[in-house]
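Q: One-letter residues, chain by chain:
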Amino acid sequence: MTPTTPPLQADDTILAVDALRLFYGDSPALHGVTLAIPRRQITAFIGPSGCGKSTLLRCFNRMNDLVDGVRIEGDVRFEGRSILGAALDVNLLRKRIGMVFQKSNPFPKSIYENVAYGPRVHGTTRTGELDSIVERSLKSAALWDEVKDRLRASALGLSGGQQQRLCIARAIAVQPEVILLDEPCSALDPVATAKIEDLMLELKKDYTLVIVTHNMQQASRVSDRTAFLYMGTLVEYGRTDELFVKPREKQTEDYITGRFG
Amino acid sequence: MKPSPHPPTAPTKRPLSGRAFAWLCGGALGFNLLLVIGQLALIAWNGLSYFWPHDLVEFVRVDGTRRLGEVHARERFRPDGHDATLELPWRVQVKGANRELTGTDFEWLDVRDVARSSTPANAIHVERLEWGNFHGYLGEVRRGDEVLASGGAAWPALEALIERKHEARAAIAELEQGDFGDVNYELEQLRLAPQRREIDADQARQDASFVELSERIAALRTALDAETAHFITADGRESVQTVGAIVHALRPNELATLARLMIWAKRLLAFLVDEPRESNTEGGIFPALFGTVLMVFLMSVAVVPLGVLAALYLREYARQGLLVRIVRIAVNNLAGVPSIVFGVFGLGFFVYGIGGTIDQLFYAEALPQPTFGTGGILWAALTLALLTVPVVIVATEEGLAAVPRAVREGSMALGATKFETTWRVVLPAAAPGMLTGVILAIARAAGEVAPLMIVGMVKLAPALPVDHHAPFVHLDRKFMHLGFHIFDVGFQSPNVEATKPLVFATALVLLVLVVAMNLVAIRLRNRLRQRYASSAV
Chain W
-17 MTPTTPPLQA DDTILAVDAL RLFYGDSPAL HGVTLAIPRR QITAFIGPSG
33 CGKSTLLRCF NRMNDLVDGV RIEGDVRFEG RSILGAALDV NLLRKRIGMV
83 FQKSNPFPKS IYENVAYGPR VHGTTRTGEL DSIVERSLKS AALWDEVKDR
133 LRASALGLSG GQQQRLCIAR AIAVQPEVIL LDEPCSALDP VATAKIEDLM
183 LELKKDYTLV IVTHNMQQAS RVSDRTAFLY MGTLVEYGRT DELFVKPREK
233 QTEDYITGRF G
Chain P
18 MKPSPHPPTA PTKRPLSGRA FAWLCGGALG FNLLLVIGQL ALIAWNGLSY
68 FWPHDLVEFV RVDGTRRLGE VHARERFRPD GHDATLELPW RVQVKGANRE
118 LTGTDFEWLD VRDVARSSTP ANAIHVERLE WGNFHGYLGE VRRGDEVLAS
168 GGAAWPALEA LIERKHEARA AIAELEQGDF GDVNYELEQL RLAPQRREID
218 ADQARQDASF VELSERIAAL RTALDAETAH FITADGRESV QTVGAIVHAL
268 RPNELATLAR LMIWAKRLLA FLVDEPRESN TEGGIFPALF GTVLMVFLMS
318 VAVVPLGVLA ALYLREYARQ GLLVRIVRIA VNNLAGVPSI VFGVFGLGFF
368 VYGIGGTIDQ LFYAEALPQP TFGTGGILWA ALTLALLTVP VVIVATEEGL
418 AAVPRAVREG SMALGATKFE TTWRVVLPAA APGMLTGVIL AIARAAGEVA
468 PLMIVGMVKL APALPVDHHA PFVHLDRKFM HLGFHIFDVG FQSPNVEATK
518 PLVFATALVL LVLVVAMNLV AIRLRNRLRQ RYASSAV
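If you read the protein sequences in the order shown, they are chains W and P.
Using the working numbering, read the first sequence as starting at -17 and increasing by one per residue.
Using the working numbering, read the second sequence as starting at 18 and increasing by one per residue.
A couple of the hints might just be wrong.
These stretches of chain W come out as covered by chain P in the derived footprint (C-beta under 8 Å, 3 or more residues) [said to hold, decoys possible]:
no. : segment
1   : 38 to 50
2   : 85 to 99
3   : 214 to 226
In short, the hints are calculated from the structure, not lab data.
For every residue, glycine included, the Cβ atom is placed at its ideal position computed from N, Cα and C.
With the hints as extra help, turn the sequences into a complete structure.
A: Listed below in structure tokens is the structure:
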């Protein structure tokens, strides 16, 4: 959509996936996916339910580790270094690659404590520093003006859209390089969705965003690149404007025109 | 058009309608409520009316003999050879006093034998330190042979004197429990530490103060017992009472309702804060109240970490499999083990096992006198902690299970470790569930008596487990407990009929105590819930 999308160059790649195969127990979920995600752009993963797009996303911050019986082959490289090795500090990786979930999941704490949680975990304890991180993060997530008078109120009192932006603020607070968004708007109404989309376009200036979405309009509205996955296979990956206007693959065309899925 | 035999709108008849079932459920609930309220009302009425200053009624029998006492009960009865056509006659149960003169407290009076009855204003009800109550009429007050007051002046003089005796008794008690107790304590310490160098000098000094204090106390006691009150009982006998042994004296018949109410409140308060007398059948219940509260508190302190940590491992760390399922079933079944079994275990494990070892290692100088190797409040609390730990585990596990997986993932996705996630997010969110467990544990522990009888609870403890001697809290001491107090007062005392109201009053206190402790825990839980505004549990 955005005509200024630059062509993908090797040194712009922040995350590289190389022949990635993933199994839940014995059943395969990804059959050898290879793609490269560019820095400071929005990359969207689309595809029907169960195609493996969320699984792929969760490989980037090793959230699949939390699921019993997951086996991974192939490689994922972050800034050129493999992140699948046992020696990797997963907690540090997750600090650098943040995540926002499908359903907003604020902690049962105050708004302030939600945002300050990440910095606290990573060792920031000074109140003044935390205050400024909280303010900056909430401002970045376009939530500051709505909550600045009730930072000590429970986060669970916020509306669904506000909660999701709070989760984005929480992710930003640890100053990640990449933010993974797993269907962040699927539980929101169009107005809240629009706000999140605006926010993503704003965040693109500083962060690399990877979004999984069921909503093809959303993918075409916000993303620079789109990957279409089907049955655990990467069918097509390219610039969003090209993929939506002139898909190379028949399957992609069928899916984005609503013939299936 | 032919009308159909069953129009579609007609309701079908069913044997048991939903409405009847709803009534059945409502009825069951109503019955339960009735039972609870009835129980509370019965206990409260019987317990609280004990403290009310009742009228003293003087009955004059046809044969001229007199009886002074409170009307305790009134009923119709069937005398021997009663003519069935006639109405049954009344009889009244009189609760008298003067145990040392009459031997009995209660007496049934056939109303037909009573010529007249009256409530004389000058009838006096005396509460004594020994021998129970005394009823009679005041003649004079003497010091030795000297008459201090007589006739109309005797009563005000006695009242004033009793007031002064209160202070005198308090002064003696302070000496005995304070200074005298300190000296005794020091002497005991010296006896137990024969290897100490300065022992001779110390011993001599303490011995001297022991003698000096003994003399002072003896002098005070002589002064306390100097005055006597000379009474005449209803049946005309003279009785001399030492004023120093009188707790309270009042003329109930001349009191207005408000004055009675104040005396009622005073007696109720005294019941709560006084030491028991006359092998628990009189006086207050303070040591039992204190023992119960402290024991439950210690139990909570022990059970919360134990139960919460165990539940955390079961729910958060252990691999969910057959073994964990078996452990969980075993924990649940542990809650069903009869409590006396826990008592036996506590005796064998805590008292003889751990306590005996502690004695050998740290209190060897006191042996064969056991310190921790005998029942004590610590062992009782730990035994009850074992008894209630399944409740805490189950409730905590439920609280943990109710914390959504999404919240845990949110924390992990920010780079928090599993421990940080558990500590900072999961545990606070599960805190209300844990408190539910603590509430249930307290409710169970406060009412438990059987296991305590063999791990440190006693009928009469010589000292509270807390005093001003270092280390202030003496966990090795034996303690009194309201539950056992009820049993002891109601069924182990020589005069069961007279102590029946005390059973109700003590039961009421136990009930109120459990409710109060639960309310505190519930308040805390609600505050936590508000703070975290979590939907969990």
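Q: Which hint numbers does the structure go against, in order from smallest to largest?
A: Violated hint: only 3; rest satisfied.
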